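K.L.:
If you read the sequences in order, they're chains B and C. In terms of the working numbering, the first sequence has 211 at position 208, counting the first letter as 1, and numbering is strictly consecutive. In terms of the working numbering, the second sequence has 74 at position 49, counting the first letter as 1, and numbering is strictly consecutive.
In short, the hints are calculated from the structure, not lab data. Wrong hints could be hidden among the right ones.
[Unchecked claim] Simulated restraints, written as ranges between beta carbons of each label pair: (1) C:Ala228 x B:Glu315: 26 to 34 Å; (2) B:Lys196 x C:Leu175: 32 to 40 Å; (3) C:Ala184 x B:Ala371: 19 to 27 Å; (4) B:Arg128 x C:Glu204: 53 to 61 Å; (5) B:Tyr408 x C:Ile137: 35 to 43 Å; (6) C:Met78 x B:Arg128: 33 to 41 Å; (7) C:Val210 x B:Gly64: 30 to 38 Å; (8) C:Ser220 x B:Lys63: 17 to 25 Å; (9) B:Arg128 x C:Ala184: 32 to 40 Å; (10) B:Glu13 x C:Glu204: 50 to 58 Å; (11) B:Lys322 x C:Lys90: 27 to 35 Å; (12) B:Met487 x C:Tyr209: 31 to 39 Å.
All values derive from a computational prediction rather than experimental measurement. Think of the CB as a built atom: it goes at the ideal place given N, C-alpha and C, for glycine as much as any other residue.
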Amino acid sequence: MSLIEIRNLEFTYKGGTQPALKGIDLDINPGEFIVIMGHSGAGKSTLCLTLNGLVPNLKKGAFKGEVKIKGTPTAGHKVSHFARTVVLVFQDFETQLFSTSVELEVAFGPENFNVPPEEIKERVREALQKVRLTGFENRQPANLSGGQKQRLAIASVLSIQPEIICMDEPTTDLDPVGKYEVFSIASALRQEKRMTMIIVEHEVEEALEADRIILMKEGTILAQGTPREILSQSDLLANCAVKPLDMAELFGRLGFKELPLTVEEGLEAWRRAGLTFNQERYRSMVAAQQSAREGKYGQPIIEVKGLRHSYENNFEALKGIDLTIREGEFVAILGQNGSGKTTLVKHFNGLLRPTAGEVVVAGMDTRAESIDKFGRVVGYVFQNPDHQIFAGTVKEEVAYGPKLYGVPPAEIEERVRDALQAVELAGLEEEDPFSLTKGQRQRVAVASILAAKPRVIILDEPTTGLDYKEQRGMMELVRRLNDMGHTIIMVTHSMWVTAEYAHRVVVVKDGRVVMDGPTREVFAREDELEAAFLKPPQIVRFSNRLGATCLSVEEVMACLESREGGAE
Amino acid sequence: MNLYLYLDKDTIVHRLDPRAKILILICTFAIPLLNDHPLWVAGATLLILIYGMLARSLGNIARIKTILVLIFIFSSLMWFVFAKGTTPLFWRVTRESVMYGLATGLKIDAMIIAGLIFLSTTKNEEITQGLIKLGLPFAVAFVFSTALRLVPTFVGAGATVSQAMRSRGLDIDSGSFLERIKKYVPLLVPIFLSSIRNTDSLAMALESKGFGNSPRRTFYLQLKWQPFDTLFLVFFVVLTILNAWAKINGFTSISGLIK
Numbered sequence: 004m005s006l007i008e009i010r011n012l013e014f015t016y017k018g019g020t021q022p023a024l025k026g027i028d029l030d031i032n033p034g035e036f037i038v039i040m041g042h043s044g045a046g047k048s049t050l051c052l053t054l055n056g057l058v059p060n061l062k063k064g065a066f067k068g069e070v071k072i073k074g075t076p077t078a079g080h081k082v083s084h085f086a087r088t089v090v091l092v093f094q095d096f097e098t099q100l101f102s103t104s105v106e107l108e109v110a111f112g113p114e115n116f117n118v119p120p121e122e123i124k125e126r127v128r129e130a131l132q133k134v135r136l137t138g139f140e141n142r143q144p145a146n147l148s149g150g151q152k153q154r155l156a157i158a159s160v161l162s163i164q165p166e167i168i169c170m171d172e173p174t175t176d177l178d179p180v181g182k183y184e185v186f187s188i189a190s191a192l193r194q195e196k197r198m199t200m201i202i203v204e205h206e207v208e209e210a211l212e213a214d215r216i217i218l219m220k221e222g223t224i225l226a227q228g229t230p231r232e233i234l235s236q237s238d239l240l241a242n243c244a245v246k247p248l249d250m251a252e253l254f255g256r257l258g259f260k261e262l263p264l265t266v267e268e269g270l271e272a273w274r275r276a277g278l279t280f281n282q283e284r285y286r287s288m289v290a291a292q293q294s295a296r297e298g299k300y301g302q303p304i305i306e307v308k309g310l311r312h313s314y315e316n317n318f319e320a321l322k323g324i325d326l327t328i329r330e331g332e333f334v335a336i337l338g339q340n341g342s343g344k345t346t347l348v349k350h351f352n353g354l355l356r357p358t359a360g361e362v363v364v365a366g367m368d369t370r371a372e373s374i375d376k377f378g379r380v381v382g383y384v385f386q387n388p389d390h391q392i393f394a395g396t397v398k399e400e401v402a403y404g405p406k407l408y409g410v411p412p413a414e415i416e417e418r419v420r421d422a423l424q425a426v427e428l429a430g431l432e433e434e435d436p437f438s439l440t441k442g443q444r445q446r447v448a449v450a451s452i453l454a455a456k457p458r459v460i461i462l463d464e465p466t467t468g469l470d471y472k473e474q475r476g477m478m479e480l481v482r483r484l485n486d487m488g489h490t491i492i493m494v495t496h497s498m499w500v501t502a503e504y505a506h507r508v509v510v511v512k513d514g515r516v517v518m519d520g521p522t523r524e525v526f527a528r529e530d531e532l533e534a535a536f537l538k539p540p541q542i543v544r545f546s547n548r549l550g551a552t553c554l555s556v557e558e559v560m561a562c563l564e565s566r567e568g569g570a571e
Numbered sequence: 026m027n028l029y030l031y032l033d034k035d036t037i038v039h040r041l042d043p044r045a046k047i048l049i050l051i052c053t054f055a056i057p058l059l060n061d062h063p064l065w066v067a068g069a070t071l072l073i074l075i076y077g078m079l080a081r082s083l084g085n086i087a088r089i090k091t092i093l094v095l096i097f098i099f100s101s102l103m104w105f106v107f108a109k110g111t112t113p114l115f116w117r118v119t120r121e122s123v124m125y126g127l128a129t130g131l132k133i134d135a136m137i138i139a140g141l142i143f144l145s146t147t148k149n150e151e152i153t154q155g156l157i158k159l160g161l162p163f164a165v166a167f168v169f170s171t172a173l174r175l176v177p178t179f180v181g182a183g184a185t186v187s188q189a190m191r192s193r194g195l196d197i198d199s200g201s202f203l204e205r206i207k208k209y210v211p212l213l214v215p216i217f218l219s220s221i222r223n224t225d226s227l228a229m230a231l232e233s234k235g236f237g238n239s240p241r242r243t244f245y246l247q248l249k250w251q252p253f254d255t256l257f258l259v260f261f262v263v264l265t266i267l268n269a270w271a272k273i274n275g276f277t278s279i280s281g282l283i284k
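Chain B extracted, bound-state conformation:
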């Protein structure tokens, strides 16, 4: 018997015009590992919320069809009633943790089910052991790292001893190590207890281990099947705004029928087909790119010398940083959560001041000038657009910066128009920003920075929470801004975004710069990257094994030795 049975489900949120889900039929069997993928707004999260009855019992709306958990329909039953069968873990680990110690957080679930304290103690011990947080019992959740917080969130539902655990994008806000930690726990749980697991995930490589992949589009299930069936259809994935696997993409374009999914399989297929890599073509491609970029760079615009920064609790976040960024560069700053990368970039517009050392921006010392001087030179796009959007219309939002700088009204008009054109939101001037999608709100935030015409633009995690299509769109926009002459500094966890777009990579670890150089050179040093807990994308790892560092599928294609016979 299936644990969860969904029949002909349709759901429209209260106040919504379009159904968030429609025509959903789904059976979830005991012990299955299911990965759900799809574009932003495809209904993935809503589907998760129906699995334990949060939809329609807490989140109201028009609910048709039926969801049965072990034979009991969810509609009309309390959500907490199902918590012993299905539990949910959410993307945002900050809001789902509310206790003041790790131990109490994990104890909260069993307390609600009237479990005697002695048994809770045992369950807490067991749950913390599973997520490898033993020894953290008395720590405050607020002081844990992102990965640890998400593991704690998992422990806090494990202690209820559920049969199904459903995680909605558990790793979106995490750095590569945090992602790895969460996924290794997920697979351990499956092996040990045959726990049924449902994970919503953006990154395809992580989906390889699933029993079944469900692809969603516009509220419906478009396709489902084994990873091999689904992931070898690059077109289908692209249709759902999911980034195809590099290997499948490359060999698909080469006309292969049997598509490799991992780097090892790819190398194997490459050898068997007798393909060769043209080193000469590679070298000339790299040289041409390098000289074109070098020619564009201007004078140094940000100079950092011996920068140290300590927070008020005496934690030293930066321990001596030297860095020069020239006008027109496109720099990605990589590193673990808590490595100090955000602290570093907040020095570039005067939000933070050096404890020791100096930061000179466009000739101005950040210690001497006030922050509003830097706003005109350096624009800072925060990670979450909702932390800055406040106005009633898009136009008003974008005009806010220039107005503060005393730009005359006629010119403001023009700047707003240009900025919205650049981010491709022209025509939406009168819209309420809060009615837009996350991807569009991100663009409004960028436009509102652009309107102040800064020479440098800092972007903090510009692609987090966006689907593949939106990420592409966002990064193409950033690339255009760089081509227009803006210096780009981007803090990111996304390795493929870095590989395809950044000219230069700076890796920060424990408050120090440990690697700094052109993206291609840095990504060639896989061992050092791994020491900083970073793993380059599939295509880079693949080409490294072939003795060259290609940053995209296109680059590998371009360096391919022309073949006579065509595909196999």
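Starting from the known structure of chain B, fit chain C onto it as the hints suggest.
P.N.:
Chain C alone, transformed into the frame defined by chain B:
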């Protein structure tokens, strides 16, 4: 940045039963209020500071020292002018109004410090537990402690939003009072909206963990009343009673102050 007030330390005050700490909190609120004479208020403040020293929580008090000093100065100055006495010094200021002003400023600070010591030494869950054991229904106690828990979340959101706005050129620190109020509008909207979103996800997380599943629930934290709880509580209660007796007999008032 740590926005929580609770200090994870092992002191005698931390080990006190939350019920004892809640009742002591009431006493440490009452004692400053029972005194008008600045010397008596100073004595009450000293008592609270000693309590805070035992709790090794003075660090938290140092964190808000600027606020404490400002409150002291403003309330003192206000009462210098508005309180009425019989021994004129200059303008409307009298010897008695100065004494009253100093006492009032100190009183407010003493109460804030008392509250801060409580929050520095008592976990949210202990407050919930203590309130329940003192007779409050679970739902009410939970709402109270969750509200306390959300304060640092809001402060954190506020800090991020204000950084985002300052990066866009908003200068919060200049202009007249009215102008500054107007400047806060762009900050309030995002803070407000992100708070709503946060509480919404909190509600979902609570439900998903079986909150409200059955009217009966167990508590992992077990409170144990110990002899030194009684000792501490009796000490504070006796002091409060003695202080009340002193007030009724007029020992703690300022002579010559016109009410």
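K.L.:
Now tell me, hint by hint, if it's right for this structure.
P.N.:
Here is what the structure says about each hint:
1. C:Ala228 x B:Glu315: 26 to 34 Å: 33 Å, holds
2. B:Lys196 x C:Leu175: 32 to 40 Å: Check passed, 35 Å falls within 32 to 40 Å.
3. C:Ala184 x B:Ala371: 19 to 27 Å: Roughly 24 Å apart at Cβ, these two residues keep to the hinted range, so it holds.
4. B:Arg128 x C:Glu204: 53 to 61 Å: 57 Å, holds
5. B:Tyr408 x C:Ile137: 35 to 43 Å: About 40 Å separates the Cβ atoms of tyrosine 408 of chain B and isoleucine 137 of chain C, which means 35 to 43 Å holds.
6. C:Met78 x B:Arg128: 33 to 41 Å: Roughly 36 Å apart at Cβ, these two residues keep to the hinted range, so it holds.
7. C:Val210 x B:Gly64: 30 to 38 Å: 32 Å, holds
8. C:Ser220 x B:Lys63: 17 to 25 Å: Given about 21 Å between the Cβ atoms, the range holds.
9. B:Arg128 x C:Ala184: 32 to 40 Å: Distance hint for arginine 128 of chain B, alanine 184 of chain C holds at roughly 36 Å.
10. B:Glu13 x C:Glu204: 50 to 58 Å: 52 Å, holds
11. B:Lys322 x C:Lys90: 27 to 35 Å: 29 Å, holds
12. B:Met487 x C:Tyr209: 31 to 39 Å: 34 Å, holds
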